[in-house]
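Given the coordinates of chain A, work out where chain B should sit on it, guided by the hints.
Going down the list, the protein sequences come from chains A and B. Just so you know, we're using this note's numbering here: the first sequence kicks off at 1 and counts up by one. Just so you know, we're using this note's numbering here: the second sequence kicks off at 1 and counts up by one.
Honestly, I wouldn't trust all of these hints.
[Said to hold, decoys possible] To list a few chain B residues with every Cβ distance to chain A over 12 Å, as calculated:
1. G26
2. G151
3. R167
4. V170
5. D489
6. G498
7. V543
8. A604
9. G623
10. E647
11. L838
[To be verified] Stretches of chain A that chain B covers, calculated by requiring three or more beta carbons in the stretch to come under 8 Å of a beta carbon on chain B:
12. 763-774
13. 790-804
14. 819-833
Note that these hints are calculated values from the structure, not bench results. Every value quoted in this text rests on a predicted model; they were computed, and no experiment measured them. Note that CB positions come from ideal geometry on N, CA and C, so glycine has one too.
There are 2 protein chains.
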Amino acid sequence: MGTKYVYTFGAGKAEGNAKMKDLLGGKGANLAEMSGLGIPVPAGFTITTEVCTHYYDHDHKYPEALKSEVEDGIRHIEKVMAASFGDPKNPLLLSVRSGARASMPGMMDTVLNLGLTKQTLEGLVAKTGNERFVYDSYRRFIQMYSDVVMGANDEHFEQIIDEVKHRRGVKLDTELTAADLRELCDRFKEVVRRDCGRDFPEDANEQLWGGIGAVFKSWMTPRAIEYRRLHNIPGHWGTAVNLQAMVFGNMGSDCATGVAFTRDPGTGERRFFGEYLINAQGEDVVAGIRTPQPINIAAKKSSEEVSLEEAMPPIYKQLVEIYQKLEKHYHDMQDIEFTIQQSKLWMLQTRNGKRTGPAAVRIAVEMVGEGLIDKKEAIMRVEPEQIDQLLHPRIDPKIKREVIAKGLPASPGAAVGKVVFTADEAADWAAKGKKVILVRLETSPDDIKGMAVAQGILTARGGMTSHAAVVARGMGTCCVAGCGALAIDANKKQLRIGEIVIEEGDPITIDGSTGEVMLGELPTIEPELTGEFGTFMSWTDGVRKLKVRTNADTPHDAQVARNFGAEGIGLCRTEHMFFEGDRIDAVREMILASDVDGRKKALAKILPMQKGDFKGIFKAMAGYPVTVRLLDPPLHEFLPHTDEEVEDLAKKMGVPAQRLREKSSELHEFNPMLGHRGCRLGVTFPEIYAMQAQAIMEAACELTRDEKIKVIPEIEIPLVGHHHELQQLRAVCDKVAQEVISRIGTKVEYTIGTMIELPRAAITADEIAKFADFFSFGTNDLTQTTFGFSRDDAGKFLGEYVAKKILPIDPFVSIDRNGVGQLMKIGVEKGRTTNPKLEIGICGEHGGEPLSVYFCHEIGLNYVSCSPYRVPIARLAAARAVLMEGKGGAMSGTA
Amino acid sequence: MGTKYVYTFGAGKAEGNAKMKDLLGGKGANLAEMSGLGIPVPAGFTITTEVCTHYYDHDHKYPEALKSEVEDGIRHIEKVMAASFGDPKNPLLLSVRSGARASMPGMMDTVLNLGLTKQTLEGLVAKTGNERFVYDSYRRFIQMYSDVVMGANDEHFEQIIDEVKHRRGVKLDTELTAADLRELCDRFKEVVRRDCGRDFPEDANEQLWGGIGAVFKSWMTPRAIEYRRLHNIPGHWGTAVNLQAMVFGNMGSDCATGVAFTRDPGTGERRFFGEYLINAQGEDVVAGIRTPQPINIAAKKSSEEVSLEEAMPPIYKQLVEIYQKLEKHYHDMQDIEFTIQQSKLWMLQTRNGKRTGPAAVRIAVEMVGEGLIDKKEAIMRVEPEQIDQLLHPRIDPKIKREVIAKGLPASPGAAVGKVVFTADEAADWAAKGKKVILVRLETSPDDIKGMAVAQGILTARGGMTSHAAVVARGMGTCCVAGCGALAIDANKKQLRIGEIVIEEGDPITIDGSTGEVMLGELPTIEPELTGEFGTFMSWTDGVRKLKVRTNADTPHDAQVARNFGAEGIGLCRTEHMFFEGDRIDAVREMILASDVDGRKKALAKILPMQKGDFKGIFKAMAGYPVTVRLLDPPLHEFLPHTDEEVEDLAKKMGVPAQRLREKSSELHEFNPMLGHRGCRLGVTFPEIYAMQAQAIMEAACELTRDEKIKVIPEIEIPLVGHHHELQQLRAVCDKVAQEVISRIGTKVEYTIGTMIELPRAAITADEIAKFADFFSFGTNDLTQTTFGFSRDDAGKFLGEYVAKKILPIDPFVSIDRNGVGQLMKIGVEKGRTTNPKLEIGICGEHGGEPLSVYFCHEIGLNYVSCSPYRVPIARLAAARAVLMEGKGGAMSGTA
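Chain A extracted, bound-state conformation (with noise of 0.2 Å):
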């Protein structure tokens, strides 16, 4: 016996199955699946792919045996569905479709009605007493073959209805006519006839293999060839071609058609969950212009909706067989689509239902409850950022947005508030118990104080890893960034969106989980940790082997990620703290130092204030390591911008304003991300490491002596490119270290390690490890040193990169293995060959973010530290990543 080319499905039965996706494609194995639980499905069959790959080696020709194979499918579907095919009197229609083994939407072509001819036309009409309906399937299969097989042009078509639309004075579709719709059918022809410069074809033969040699066609235009380079999809796999009998829902009153969930997807309640409408087509239920009905009694909302439970009791208890073996047989919420032709009942699809972030869980949970899962399974069935939605307000979902901007989501949640422009206006409004957003082209760190009493932030400038995006994150504030359609004018108090004009304390919302801005006031709903979700994430935690830490700068902080699951701080950022109050006046007196004596005697004035700081947080994260990263940003960042700060500043410190303006222009950096910053000011300035060590150290010896709390100080030196900084600096703060202790008298077991956010930091790796207790990637530096993009900037271009599928995904949301990601391999490889007790982790955003997660996993990492909002969605990333190992498809998400 020859290759099989053919595989029937139908009645109950199927010679193929779901796990024949390769030969079958993925619609073909499904059906076939399907079709083999003794559901039914209207019979047809599929073409394997191997004919298409056979097509295309034998110079578009089928293999022999192909021709007898489809007749005795064809036979088979006259058989089931009792009709013939091309019979005038009881005419079979079919649909021809295509189905890759990998899912490529729209790409390639499909036939509808296929059968339908002048002669099986009159059949038709008999046999439905419909004839406008039986016109209308003619006109649309004429227009559908001519264009996908024929190659007429379809604007002619389009022309045409609107002429008799026109003239009939109609508007829609739906008013046509059955004799308009064979006005239709005949005009159609003729176009056929002078595009193509041949007839309609009126045998059904001639009209399936045309559909069928379309279908194989279509997987080599240009289109579908680039699809597939960009997808990295084959093209030696070659597509199916699935033949299936047609059925109808708008035949009349004993006719429907409807989807359904198998479960309610918005709350993952266990109940069926769906709409319906008698006499009418699928589209005709999503189109709008008539009310879908309730599936069934439970869910009707008045006593004039007609469920399908009441329509058709008998057809309703089959489809609720149907839907409990169906969510049986795939162990997870389906969404199926059924029609219903002369009262019996046809399943179309199944597939697993799409869910919000809290159906998701609960879903999970209780299907673990049910037996129909287990736990392991119940981890891999949400995804990592569908609980976000659990994590943060939202802007109820029932209420009608009328979005006036967009911008991008760059911090989740929702916010309401009153707009103010500047960050003290925020700060005094907050001040007085009101609920503002704070406006601005971009942030900046001077604005942090104003940040932190916002409800959300909304900026004009700037990317999804731009300084508001990234402080908004981390302090869970809501924020829309880089919304480039408000035109801000700060002086006036005043922004405009095209015409619309918000001022001072207008109030706004704001979507941080969309990107949208509305006017007014909406309504949200707060966050609820519901019980499913907290046994949810503790079956997370049994799985993962990374462990989950937080990026946070303040006790608050700091809780609120160990209310979340946090296992001790990642990123502990020092210089917010610099801005904090009073001590920014010292900062500046610091950097207006003309030497070191100067600067330790600004620097003493700090040094209590930051081991308060440290203080209240060892104490939030009792038990838990803490890294602290000692001073990053560069020193212009903390003097004043704009004349009138200067000159308000030079008054308060008693200094000329035009020497704080020297100072800003001797710090003036033309690339500051490059410039004077992180360990380089500890090697220019060791006397700011050495207080920030002593601090550090001073709060952990005396909470340790006072208040017997166990404290696990990590001292963290940023930037180190060459492990000469990391051993220098190294030295200056175990010096410190050591005095502190033996002063204080009690020993405090700390550790220090660095950063590796620079590419020479990665490919020296086994240098600098012998000097570091602790690597930590910092992703968003090495993401812009390794592709030469600045962050701050690269938000002008990167959107286009990834349009025009440059890059996958943008590199500072998704860690970019190829690149990156591979310097960070060789870093975790080198570290560990000098120091193999290294602990590493990651602390930048990336370190929340989902494919991020896996990588790091993969890689052999030890933690990784994000903001306390993505704590928990790191925690179910880090268990995924555990269960989907050695399975490299789920992982490899940018390629």
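For chain B alone, coordinates are given in the frame of chain A:
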């Protein structure tokens, strides 16, 4: 027989030789070598480094046999020198010096005049008849020995000397009488008794072992340990100890001392060249108190001078024989030191003499002619940086300079001209035939026109790779950059340096080889490419494997580079062309255009001008490849910066100034180095690259067709980080190129490649190489991103980094082998795995720096490319790289 610990030399014999450095240290081995040649060296012996190792391995104890071996050594010296150590009548004095395998200048201890005691003192007075000499020697010995061996405080001795001088009313030590010196000796001994709690030793043998012990101990002083750590010298090497008979040139008029070179170190002329002084010590020759006399009659400048040839004819004759022997033996020009003690000649040292670049070349070429060395050895005799002196005008070395300020030696050579403060003034003055020095705070691309016509460029800001420095080197124009002492007031057209005020038009002279700035017009000497230089360079070409190209943007530069031996252009930047003449207007029109059509219209104006540029360059480089880099800098660099310039341009273009300002602000970037530049421009505005590709190919095809000139164009896409960038832009260029070829009907072979200047490009070179015919390492940018250093800003701390030994050398000057170099190595290896035919070069500033050229050879590049004036340097370095293969030491310059 046990291990031998002592190796003697003297009387024309030696137990050791120059090859025994590991055992005898450098100094001991060389003294043995000279002595073995039969040259009169004061007799002595060397205690081996093994004794040092034993000493530290055995708790500061010597091997048992050492004592008797040292005693035998002393007997040997006594015999040769006909004097006895510790003998009151005929005392022998000794020097004790350290001598490790590697030179550690100034790190370890020395004691001279060992053996002087109360008893021997008298004998020496009797023997020499020179009481003052003897007491002076004695007080020096007490001072040195007490300090080094006994740990006395040297300040106490200096106080006493000052006191006696003050009392005697004299200023110089030499004015003290024998009686004064005797008083010093007595009082010094009191200090020793008080400081050290014991008497100064009066026993010669005690002194001997004290001196030996002190040298061994000095191996482990903290400063010696630190020196070894920094220079990677293992501690277990140990030091040898050299004991040698003292000889004195200051015992009377039959004594003398001198230094000489076997050839003229300034010109290389083959003549004996030196100075000497009768009755003097070595330091007197260089101290400048007495005027040294010429060594021979030929060198006399006046009849008043008395040469050694006249004063001591037999000794002169002996000296000539010795120097000729030494030069023949060492096959190199020698720098020798000698002392004549009571009419007996002693050679104290010989070493290869330092020499100027011109001398190095002449000596090397002549020595080949003399059969002393072969051509390969000649190549190794000239340091690449030395020939830089042959390639630029220089200030007449005979002129005394009054340096008023010092900056960085950014581009070599000397320049004399009148000060101007703007590029426009430079152009105006130059048009009137005046020579100008352009003085700027820093330069920008706007200044190119002025820079091109200036004799030299002087800036207050910026480092060795600032815009001014890079452009000036490219032009071969002298430049002093980052001269912090300059206070420029461009409005007043005035420059202040401390108290000195320089007005526009005042003449100054700058030396780009030293960074010095002088008032007035100093005379300069033009470079002479002598016949020897040409001969020498041709030898290098026979040896090297690396090709040497040039970075050139104009036909003139290309021609200069061809004259210097360049074999093509490795980097032709196109952006400089955008500034010339009126074309900047079209460029600005393009930037301001709001759509593709607008841009294309402006680009069409630029096209013929670019084409003209390329024709000129292709002609100058006929038969050689020319790599043309497509537009690289961010567009904002082409817009005016000051308000005035904006207003002017607005008027000229007929657009509102506000529009220009908005565009500037829209294009503003926080970190332009990491911004919208390089191929990112090509991705956003493919029409720009298309125009440039068209200009290149039209120029190439037309020259080929019309003038039968062989053109080898290489189109280079800059700043590629992801292979998709190159893939897409290559397609744009290929399309244009094919169009041009078929339109003009002349086929020109062209290639398309990319700069590798981002870490990601190096890491993913295998992917990129699939779309590249060539790679060119842009090591300026690669260094910036690998280190995270902005070259415009890093000047502020890089000096400190080198001073604090964090970095061995500025990585913008010499390739950082362990970081940037590793990325290059990865890039080369990965690139060639997917594209074995890949042509790889370097076009960063490093391409003309010898250590970097060695590295490029080592990792297998095909060529280096550098500024025209460094082409000969690169040719020489490339040849040396071949000759040094396998001799790692010389090549691992940067650790």
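Hints and how they fare:
1. G26: holds, 28 Å
2. G151: Fine: 28 Å to the nearest Cβ keeps G151(B) off the interface.
3. R167: holds, 41 Å
4. V170: V170(B) is indeed farther than 12 Å from all Cβ atoms of chain A, at 41 Å.
5. D489: holds, 15 Å
6. G498: Holds, since 18 Å exceeds 12 Å.
7. V543: Given that every Cβ of chain A is farther than 12 Å from that of V543(B), nearest at about 32 Å, it holds.
8. A604: holds, 24 Å
9. G623: holds, 35 Å
10. E647: Per Cβ check, E647(B) is outside 12 Å of chain A; nearest 22 Å; holds.
11. L838: holds, 19 Å
12. 763-774: holds (count 3)
13. 790-804: Since 9 is at least three, the answer is holds.
14. 819-833: It holds: at least three residues are needed, and the segment 819-833 of chain A offers 4 whose Cβ sits within less than 8 Å of chain B.
Going down the numbered hints, you'll see the structure goes against none, and every one checks out.
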